[in-house]
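Sequences are here, hints too, so could you generate the full structure?
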Amino acid sequence: MTDWLGPDEWRAVELSLRVSLVATLCSLPLGILVAHALARWRFPGKAVLNGIVHLPLILPPVVTGYVLLMTFGRRGWVGQALDEWFGVVFAFRWTGAALAAGVMAFPLMVRAIRLSIEAVDPRLEQAAATLGAGRAWVFLTVTLPLILPGVVAGAILAFAKAMGEFGATITFVSNIPGQTQTLPSAIYSFLQVPGGDAAALRLVAVSVAVAVLALALSEWLGRFVAGRIGQR
Numbered sequence: 528m529t530d531w532l533g534p535d536e537w538r539a540v541e542l543s544l545r546v547s548l549v550a551t552l553c554s555l556p557l558g559i560l561v562a563h564a565l566a567r568w569r570f571p572g573k574a575v576l577n578g579i580v581h582l583p584l585i586l587p588p589v590v591t592g593y594v595l596l597m598t599f600g601r602r603g604w605v606g607q608a609l610d611e612w613f614g615v616v617f618a619f620r621w622t623g624a625a626l627a628a629g630v631m632a633f634p635l636m637v638r639a640i641r642l643s644i645e646a647v648d649p650r651l652e653q654a655a656a657t658l659g660a661g662r663a664w665v666f667l668t669v670t671l672p673l674i675l676p677g678v679v680a681g682a683i684l685a686f687a688k689a690m691g692e693f694g695a696t697i698t699f700v701s702n703i704p705g706q707t708q709t710l711p712s713a714i715y716s717f718l719q720v721p722g723g724d725a726a727a728l729r730l731v732a733v734s735v736a737v738a739v740l741a742l743a744l745s746e747w748l749g750r751f752v753a754g755r756i757g758q759r
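Under the working numbering, the residues of the sequence shown are numbered 528 to 759, in order.
Simulated from the structure, these hints should not be mistaken for laboratory data.
It cannot be assumed that every hint is accurate.
Claimed, not checked - Derived DMTMM-like pairs: lysine to aspartate or glutamate, alpha-carbon spacing no greater than 25 Å straight-line:
#1 K573 x D648
#2 K573 x E652
#3 K573 x E645
The following block contains the structure:
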């Protein structure tokens, strides 16, 4: 692939893979928690939480990127505190691209995991609770093994979504080659210059290949995990 792609193209592919992987892994624990809360818990404001989780799917990505910039930028109320107290900066960094990609992919992850949790018979969890197991132990020993196919599917779906994120990312971290220029941003840049069609087409082919592989891997892992669980 290094011979087929130029240095700038390869850097965009490498950065996109890193951004998508970090976005998926960092958001997965929170995604499982939120999905479990929406599927099983009863609390005031549950509808509000559900709306907030799915808001990135409804809002234009540019609006989401602008909200991230106003919140996590150097002058944002969260970004300024992170910079002053911990030296952490998201705006115009690859970590900011991971944050934007994670936010945009989060609703898809939560939805896949939530559907898996809702498919689990609550009586199984109740039976474990009657035997003296606490909520956390019931989730770890009963619920989590049963929803693993959904967790895997949600994680891979989020990864694929993060790979294709453009609007929120370019608004929040701009389009800096080698630093924040992911695959979609690189394709956009190549299409703006004369003679860049060939490079853009190569990156489009890479994007399609990654998306197809992610979907195929999701199907295979889901069936594999479901088969292993069924053998127990």
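Checklist entry - Do the alpha carbons of K573 and E645 lie within 25 Å of each other, as the hint requires? => result Roughly 16 Å between the alpha carbons, so the hint for K573 and E645 holds.
Next on the checklist: Need the status of pair K573, D648: alpha-carbon distance at most 25 Å?
Outcome noted: Roughly 21 Å separates the two Cα atoms, so the pair holds.
Checklist entry - If you draw a straight line from the CA of K573 to the CA of E652, is it 25 Å or shorter? => result 21 Å, holds
Checked against the numbered hints above, the structure violates none of them.
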